[in-house]
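As you go down the protein sequences, you meet chains A and B in turn. For the first sequence, this note's numbering gives the first residue as 1, with consecutive numbering after it. For the second sequence, this note's numbering gives the first residue as 287, with consecutive numbering after it.
Heads up, some of the hints might be wrong.
Stated by the list, open to error - Cross-link-like lysine-lysine pairs, in silico, DSSO-like; alpha carbons within 30 Å at most:
#, chain 1, residue 1, chain 2, residue 2
1, A, 139, B, 662
2, A, 139, B, 659
3, B, 592, B, 662
4, B, 584, B, 662
5, B, 659, B, 457
6, B, 631, B, 319
7, B, 584, B, 659
8, A, 139, B, 667
9, B, 592, B, 351
10, B, 537, A, 139
11, B, 407, B, 319
12, B, 407, B, 693
Don't read these hints as lab results, they were simulated from the structure. Since the structure is predicted, the reported quantities are computational estimates derived from the model, not experimental observations.
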Amino acid sequence: MASLNLVQILNGLTFAALLFIVASGFTLIFGLLRIVNLAHGALYLFGGYVGYTVSGMSGSFALGILASMLAVACLGLFIDQGLLRFVRGFVLREVLLTLGVAFVLNDLALVIWGGDTFSVEVPAILRGAVHIGGTFYPKYRLFVLVLGIFTFIGLWLLLNRTRLGALIRAGVDDAEMVEAMGINIRRVFLATSMLGASLAGLGGTVGGAFLTLYPTADSEILVFSLAIVIIGGSGSLVGAAVGALLVGLLNTIGQVMFPELAYFVIFGPMAAILAFRPLGLFGRAT
Amino acid sequence: MDRRKFLHNTGLALTATATGMLAAPRIGFAQAKPIRIGLMAPLSGVVAAGGKEIVEGFNMLWEEKGNAIAGRPVEVIVEDDAGNPDTALQKARRLVEQANVDFLFGNLLANTGLAVANYVKGNGVPYFIPVIAADDLTQRESVRNVIRVAGYTASQMPRPLADWALKQGYKRIATIAQDYTFGHEQCAGFAQVFTEGGGEIAGQLWNPLNTADFSPYIGQLASMNVDAVFAMELGADAARFMKQYSDFGLKGQIPLLGAQNFTDQSVIRTLGEECDGIVSSAHFAEGSDNPETQAFVKAYSAKYGKMPSLYGFSHYSGALWVGQVIEQLKGDISDREVFIDAVLKSELANSPLGRPVRFDDYGNPIYDVYIRKVVKNADGKYWNVPIETYPAVSQFWTYDPKEYLAKPPFSRENQGIQK
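Using the sequences and the hints, build the whole thing.
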C-alpha cells in the first residue's frame with residue numbers, strides 16, 4: 001500500500017516548488033543582510049491574505065498575486081527602514097525584532113480576517129485535473145511547479161547576469177569591501193529586503209490556493225524554510241533549490257512510507273548535514 | 287456587573303423581604319447575590335476561531351435572558367485557555383480560587399478539558415463541557431461533577447453514519463483522521479459499527495494535526511480501491527482536505543463521508559463547491575426544517591453575521607440547560623450536590639434542537655442523530671441538511687453498557703474492528 005508512484009513524486013516536486021519560492025526570499029535576506037528574518041513566515045501568510053482579498057474582490061488571480069507581492073514588499077521596506085535600521089549589527093536584537101514583527105503581523109491578521117480558513121480562488125483555466133501516466137493530477141499543482149522553475153530561472157538570471165545581482169553576490173561575500181568600492185550597500189540591502197519579502201508574498205497567494213490560509217500557517221512554512229536554508233546554505237540560490245527539493249520529496253516520502261516519523265525524515269537529515277557541513281551543502285565561509 | 291442594576295436588584299430584594307412578600311428570607315438573599323460563571327475558551331492559538339464562537343453562543347443565551355436567571359443576576363467571567371492544558375488549569379484555578387465562581391463552563395480541546403476535569407475532581411466544583419468529547423469522561427473515568435450538558439461522546443456520533451453507509455451498499459471504506467484521541471475515538475466508533483455490519487476497512491491513515499499538504503494521503507486513498515472514504519478532520523485541516531480531495535478529482539468519484547466537525551459551519555462557511563454533497567452525522571443540523579432550529583439559526587445569524595457552528599450551538603444549549611435547572615431550583619445552587627443531582631436528572635427543553643434531550647445513566651446526553659448532507663440554501667450558502675434520523679442514539683449505541691465498559695478504551699491500535 002505504502003508505495004511511491006508518479007503521483008507521489010509529483011506531490012513532492014510541487015510542494016518543493018512552493019517551498020523554493022518562499023525559501024529563496026528567505027535565503028537572499030539571510031545571506032546578504034545576515035538576518036534570520038523570523039517574520040518571513042508571517043509575511044507569507046499576510047501576503048496570502050492580501051492575495052485572497054484582492055483576487056476575491058477583483059476576480060483576477062494575477063491581480064491578487066501582484067497586490068500581495070507589492071503589499072509585502074512595502075512591509076519588507078518598512079521592517080528594514082523603519083525597524084531594523086536601529087539595531088543594525090546586533091544579531092540577537094535583529095532576530096528578536098523580526099520575531100516581534102511576526103507576532104504583531106499574525107495578531108493583526110487575526111483581527112482583520114478572523115481565524116477562519118480561507119483559500120485563494122484559482123482561475124477556471126487552472127482548475128480540475130489533467131491526465132498523466134494513467135492517473136489524474138491537479139492542473140494547479142503543475143502550475144505551481146512551473147512557477148517554481150520560472151522563479152528559479154528568473155532569480156538565477158538576476159543574480160548572475162545583472163549589475164544588481166553582481167552587487168548582491170558581492171555583498172553576500174563581503175559587504176564592507178563592496179562599500180569600500182564606493183557602492184551604496186544600503187540601497188542594495190533595501191532592494192534585497194523588498195525582493196525577498198515580495199517572494200514571500202508570492203508564495204502566500206500561490207500557496208494559499210492549495211494549502212489554504214489560517215492562523216499558524218506562517219510558522220509551519222517558516223520551519224520548512226529554515227530547514228531548506230540550513231540544508232542548502234545561506235545566501236545560495238542553488239542551495240535553496242536543492243534544499244527545497246530535498247525537503248519537499250522527503251516530506252512526501254515520510255508521510256507515505258513512515259507516517260509515524262514524518263517530521264524525523266525531514267529534520268533527521270538536516271541535523272546530519274549540520275553535523276558534517278555546518279554551513280550547509282552550498283554555503284561558504286565568510 | 288452593572289453597578290446600578292446590582293443596587294436595583296438588591297434594593298428590590300430587600301424591600302421584598304422586608305415587606306414579607308416572600309416567605310423565605312433565604313430566597314431573598316439568593317436573589318441579591320449574582321451567579322458567577324467561569325467560561326474558558328481558546329481565544330488565541332490554533333483553534334481561536336472556534337473559541338470565539340463558544341463565547342458568542344454562551345453570551346447570546348444570557349443576553350436573551352437579560353443577564354439574569356431565577357431573579358439572580360448572572361456574571362460571566364471569560365478566560366482564554368489558549369488551547370493549552372497548562373494555561374487551562376491555571377485559568378480554572380484562578381476562576382475558582384480567586385474569582386469565586388459558582389461553576390465552570392467550556393474549553394474546546396480534549397487535553398484542556400481533561401486538565402480542568404482532573405482539577406475539579408478534587409474540589410467538587412461543577413464543570414460543564416458542551417464540547418469536550420473524550421469518551422472516558424462519561425465512561426470508564428467519569429467524574430460526578432463533570433457534566434456533558436448539550437455535549438456528546440466522540441464515538442457516539444459516527445456510529446449511525448456507519449450504519450447508513452452499510453445501507454447504501456458500501457462494502458469497502460478507508461478512513462483518514464487526525465492523529466490524536468478525538469480522531470482515534472471517532473474513527474473507532476465508525477469502524478466498529480461498519481465492520482460488525484459486514485463492511486471492510488481497507489486502510490486507516492493518520493495525519494498529524496496541521497498537515498500542510500494532504501496530497502500524499504490523497505494519493506494513497508485514490509489507490510485503495512474503496513467504495514467511500516470516511517474523514518475525521520477539524521478546523522483548517524478539514525478545509526484543506528476537502529479542497530485537495532476535489533483538486534485531485536476524487537470528488538464525485540469516491541463518496542466522502544465525514545465526522546460531524548468535518549462539515550461544521552466553522553469549516554464550510556468559507557468553502558465553495560468542494561464541500562457540496564458531503565454526508566456526515568450529528569445531533570445538530572443548521573439546515574433542519576425544525577422551526578425551533580430555524581429560529582435559533584436566524585437569531586444567531588442576525589446577531590453575529592454567520593450561521594452557528596457546533597461550538598456556538600453547544601454552548602448556547604449548554605447554558606440554556608443549566609439555566610433551566612437553576613430556575614427549577616429557584617436560583618439556589620448553594621448546595622453543590624443538590625445542584626449536580628438536579629442537572630443529571632433534568633431534561634433539556636425548548637432548545638434549538640426542537641426536541642427534549644436527557645442524560646443516560648452515565649451523564650452523557652441521548653440524541654436523535656441526523657445523517658446530514660451539505661447543500662446550498664436559498665441564500666446561496668452551504669449548510670447541513672438532515673436526510674435521515676436515527677432516534678435516541680446513546681454513547682453505547684446498541685451495546686450493553688456494562689459489557690461495553692468492560693472492554694478496553696479506543697485508541698489508535700484498538701479501533702474495535704471486527705475481523
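Here's how the hints hold up against the structure:
no., hint, result
1, A:139 - B:662, "26 Å, holds"
2, A:139 - B:659, "28 Å, holds"
3, B:592 - B:662, "15 Å, holds"
4, B:584 - B:662, "16 Å, holds"
5, B:659 - B:457, "20 Å, holds"
6, B:631 - B:319, "26 Å, holds"
7, B:584 - B:659, "20 Å, holds"
8, A:139 - B:667, "27 Å, holds"
9, B:592 - B:351, "22 Å, holds"
10, B:537 - A:139, "15 Å, holds"
11, B:407 - B:319, "26 Å, holds"
12, B:407 - B:693, "24 Å, holds"
Taken one by one, the earlier hints all hold for this structure without exception.
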